[in-house]
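*Asks:* Heads up: the sequence lines are chains A, B, C and D, in that order.
Residues in the first sequence are numbered consecutively from 1, following this note's numbering.
Residues in the second sequence are numbered consecutively from 248, following this note's numbering.
Residues in the third sequence are numbered consecutively from 495, following this note's numbering.
Residues in the fourth sequence are numbered consecutively from 798, following this note's numbering.
Warning: the hint list may mix true and false statements.
What the hints assert, rightly or not - Label-pair distances were calculated between CB atoms; the ranges are:
| # | chain 1 | residue 1 | chain 2 | residue 2 | range |
| --- | --- | --- | --- | --- | --- |
| 1 | A | 151 | D | 1072 | 53 to 63 Å |
| 2 | B | 263 | D | 1072 | 21 to 31 Å |
| 3 | B | 431 | D | 951 | 51 to 61 Å |
| 4 | B | 305 | C | 584 | 40 to 50 Å |
| 5 | A | 27 | B | 261 | 48 to 58 Å |
| 6 | D | 1091 | A | 124 | 39 to 49 Å |
| 7 | D | 887 | C | 732 | 31 to 41 Å |
| 8 | A | 143 | C | 729 | 30 to 40 Å |
Since the hints were derived computationally from the structure, they do not count as laboratory data.
No residue lacks a Cβ here, since even glycine has one placed at the ideal position from N, Cα and C.
Letter by letter, the chains look like this.
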Amino acid sequence: MRYFDSKVLDNQQVAEDIFVLRVERNGAEAKAGQFYMLKSWDKELTLMRPISVFKAEKDELWFMYRLVGKGTQILSLLEKGASIKLLGPCGNGYPCEKLSGKVAVVGGGLGVPPLCETSKQLTHAGVTVDAYLGFRDVLFGVEDFEPWCDSIFVSTEKGEEGYKGFVTDLLKPEGYDCVITCGPEIMMRKVAAMCAEADVPCYCSLEHRMACGIGACLGCSIRTQNGMKRVCKDGPVFLSTDLLWNS
Amino acid sequence: MRYFDSKVLDNQQVAEDIFVLRVERNGAEAKAGQFYMLKSWDKELTLMRPISVFKAEKDELWFMYRLVGKGTQILSLLEKGASIKLLGPCGNGYPCEKLSGKVAVVGGGLGVPPLCETSKQLTHAGVTVDAYLGFRDVLFGVEDFEPWCDSIFVSTEKGEEGYKGFVTDLLKPEGYDCVITCGPEIMMRKVAAMCAEADVPCYCSLEHRMACGIGACLGCSIRTQNGMKRVCKDGPVFLSTDLLWNS
Amino acid sequence: MDKSINLSVNIAGVPFKNPVIAASGTFGFGEEYNELYDVGCLGGICSKGLTLHPKDGNEGIRVWETASGMMNSVGLQNPGVEYFIANDIPLMRRFGNVLIANMGGHSLEDYVTGASMLSAADIDMLELNISCPNVKSGGMAFGIKADVAHDVVKEVRAVCKKPLIVKLSPNAENILEMAKACEDAGADALSLVNTFQAMAIDIRKRKPVFNNVYAGLSGAAIKPIALRMVHSVCKQVHVPVIGIGGIYTAEDVLEFMMAGASAVQIGTVNFNDPLAGKNVLEDLSALCRREGIVDINEIKGIC
Amino acid sequence: MDKSINLSVNIAGVPFKNPVIAASGTFGFGEEYNELYDVGCLGGICSKGLTLHPKDGNEGIRVWETASGMMNSVGLQNPGVEYFIANDIPLMRRFGNVLIANMGGHSLEDYVTGASMLSAADIDMLELNISCPNVKSGGMAFGIKADVAHDVVKEVRAVCKKPLIVKLSPNAENILEMAKACEDAGADALSLVNTFQAMAIDIRKRKPVFNNVYAGLSGAAIKPIALRMVHSVCKQVHVPVIGIGGIYTAEDVLEFMMAGASAVQIGTVNFNDPLAGKNVLEDLSALCRREGIVDINEIKGIC
Ligand SMILES: Cc1cc2nc3c(=O)[nH]c(=O)nc-3n(C[C@H](O)[C@H](O)[C@H](O)COP(=O)(O)OP(=O)(O)OC[C@H]3O[C@@H](n4cnc5c(N)ncnc54)[C@H](O)[C@@H]3O)c2cc1C
Ligand SMILES: Cc1cc2nc3c(=O)[nH]c(=O)nc-3n(C[C@H](O)[C@H](O)[C@H](O)COP(=O)(O)OP(=O)(O)OC[C@H]3O[C@@H](n4cnc5c(N)ncnc54)[C@H](O)[C@@H]3O)c2cc1C
Ligand SMILES: Cc1cc2nc3c(=O)[nH]c(=O)nc-3n(C[C@H](O)[C@H](O)[C@H](O)COP(=O)(O)O)c2cc1C
Ligand SMILES: Cc1cc2nc3c(=O)[nH]c(=O)nc-3n(C[C@H](O)[C@H](O)[C@H](O)COP(=O)(O)O)c2cc1C
Ligand code: FES
Ligand code: FES
């Protein structure tokens, strides 16, 4: 866990509202499924913004984010060379090193990017990966999965690209040793339920509003089967069977 | 009085802490001694910042400002092409068109820049201008007075350049039909007193914290011989004999 | 502006073409901002705070920027009720929107005399400021204790022929008791909040920034507290409530109306964006369309 | 840090190496921030708010950003006094600075039992939170009315063997009466302010953001109000006061100390800058040098 200054290497719009930010890594760690708290402002905004690691390259950290509000707006305006502060790596991440055999990564919307680094780290751990990636209408980041995945299944809600409907329609958990999912809660609940039925372990990555990002403020606590857990520190990755989906 | 979007044409540091900002004029008016309320932020700062017109060129407005706090800091980072909002022209300005003969402009510190446009407009009005410009240590803007002034007298506190001491030591109001002054209150009071003694009319340009800049909030009111006056609307230029120097 | 969306509201029988009103003390008598846009587009304008007799206001620094807000210690500088009636009302009338005279005071007698003069003049509503924290002699007390407020409102109510808005101070000991006391005493509407008593120190001079030491905080900084107060007051009173405090955007207007306000006032934002009145209104009708709101009154108090 | 400047302060007999203390609820038990810098450099650390029994805290959204501030509705999630004593105190002790246990409660009995347990444990001071506005059942009431506060402080005082700080709520009906009541009841020091009761509405969902509807506002937004409260309380009480509320910078620290505070707590700023504690301290000694302050106690209360 470090708090450090970094430099923007690149910040590109890759789809409507979707940007990829590349920053100097400065030796920072990044397990698949971990995230960083980012800020490129001083005190104009109170809080830093949690963004997952999209890719951890040798000297670079990549983040893929959607412009949704004030913070991501400011991020979206960053130009090469700009300063940015990073706090992280935050959270536990996926236990890639403990997995084996065949794993499905199931992502929806902005849950897709963190699964890219995850697919890579799984592949490096000798795991075979299939990706199931669901989008509303426009695809982003799909090609980044290609080096790491056996098969890639894509869906859009109205069928603009790939399968028409939800990506969960395509998934058959039975064929996998483990399922890893990240995306809207409604999707993850569905994936979790399917995995429970098929008796396949399922890891979910949660989102929650965060203040500190490091476990100090209890702003992101959720009730789980094992008591209160901090999404930022004890998560964001939880075994689906530990979750209560209490929202 | 207009509130309009403009573009930064240039923003140069001309001395330690001193910057010259050039923006598109967009047909806006600018009498000598008037000022604009500027902002290049959205809501990160609550208020706009009052800055006097340093030069009104055909298609450009020039401002010279000192970096003192958050607002001027943000201004100082503006690059060519950046957007900036202007509200103005604000205030009454100097009555250049009503003056004749020989006029002394007496400026101190950041009171110097507004006297540059003033010297120009006086010259255009057929008036002969002498400039008395006082600085702490470093000079700025002096060469800009050259086209418009007969003589230019310069002082610094420790004598780094020009006369060592205060610029008021150099001034002899007797020789002028009118004296125009802008700068620290202590300097203007001295100038006003000397003019009173010599029975020469003296115009002073005041500073006051401002919120609206257009006369609506009464945040900048001062007590004068003629009752309460708004520096932003009824001023910033006052006849010295109207002032009470109540601070 | 989108004509298919109804933004008009009614407060104590007075129709407003929309719920956005300029807040007292931040908008003069409308003249200055009218140079920048037609201020008649606003639902209404509250005059700067009047007192029976003319006042010069406070000495020294009067405005000071703070994080997402500002402090002011204008101290009710104004030309007095008589001058206002003779000179400013006719000018304000040209705007064609609701004319609200805002009045403060130092004594019960001044309040009553001023109110009866104003209510006999050509104004639409009287807004009684029982809250200005800047005037040392009195001022404060009326807005702090509910029973004191009750007395002044009752007396003013007795002489006031126009709908009476009572403007509450967030410095009140108990904002709910205060609201109920004013309602009981005959207020036709309540507006809240006025500024929060606050302080700034100039560490270089080692002195308070303001001659009066304390001054009033306004702006976005106070919005969450103001919204809470408006919400809780709306749940307790039956008269219409006008929400005030850090309202900068159309979204803020909806928040306050969802909390129960019938209309809002915008103050500090005028300094940040001199076209705020116009901009907030334009954004409001676009926002209503986006949120599927056909009549702004639909969402009033749904939270 | 500049060793020639004395930053050490004393509060109720407890020496602090400097006046910058981490505020309760924003700093955990110090562990997490200690991964980023040596939190032992701070004058002291207030533990997260404890209650006699463990608490899960509130459901739903717990933190929400606002203009220059944030709201929280954590609801006193904590492991309970017993667990804290057994597990967290030993960890906190390693930091080598002043250990302040912050405790809230729902009933007089819980306060008294918790306080006597804590005061028998290895803590330096007890900070009694009579103000948390998040817990529906009780919590609020203690911090609103001076007479209720007096009772709880008196009972706690009777069982507490350690210096007792009482932390005041800005939602108190009358902050001066509250301060005096707590002083009368035996508080050795006062700390203020806790968060302001506030509200946010999600206009898209047309619902309050927080399950509890209201939540606590903190951060730079509240600084001017907090400073005013600290200033006025300092003028009225004889016990030392710890200033809290939107303190982000070394300049802010000096403002609060010039207003009369003996020390300060920093809360929300830790989220904005995880190294805030260290940075504020470093800046503070540079600022003192620039301002010609040799001993920080010199400027205490000069405004
Ligand atoms: C562990 C984690 C990983 C994330 N990874 C990504 C990612 O890789 N790419 C991406 O685009 N987004 C990601 N998000 C969501 C991202 O944090 C928010 O979209 C972002 O904070 C919005 O900030 P804003 O200022 O633009 O929006 P605003 O709505 O203005 O933000 C206001 C406040 O709400 C918080 N907030 C708003 N939306 C969310 C949200 N969905 N989740 C948590 N907090 C939120 C903000 O952090 C801020 O504190 C992640 C969230 C979490 C918790
Ligand atoms: C009519 C007028 C004309 C001016 N012309 C110039 C000019 O040509 N060049 C120049 O460098 N400066 C000029 N000033 C001063 C300039 O407005 C301030 O230096 C500037 O506002 C500081 O803003 P800040 O955010 O950097 O400082 P901060 O101290 O952070 O500002 C905080 C607040 O105080 C106000 N403020 C701070 N200093 C002053 C000041 N001296 N006068 C008025 N308000 C102040 C700011 O506007 C802001 O509202 C003028 C001021 C006035 C009133
Ligand atoms: C400069 C200034 C002057 C004010 N003068 C008055 C006044 O005379 N009478 C009054 O009732 N309120 C006055 N107020 C309070 C505002 O009307 C409003 O209640 C307050 O500023 C909160 O709203 P805002 O956050 O939108 O500014 C004044 C506010 C400011 C900033
Ligand atoms: C997330 C969060 C949790 C808090 N929890 C507590 C608490 O448990 N006990 C307490 O006395 N104060 C608590 N507070 C209040 C702070 O200690 C502090 O009084 C307040 O935030 C104002 O200071 P600030 O503006 O520097 O944050 C909490 C504040 C925040 C932001
Ligand atoms: S965000 Fe602070 S504990 Fe998770
Ligand atoms: S700044 Fe508002 S009246 Fe002058």
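*Asks:* Quick check: which numbered hints come out false for this structure?
*Replies:* Result: hints 1, 5, 6, 7 and 8 break, sorted rising.
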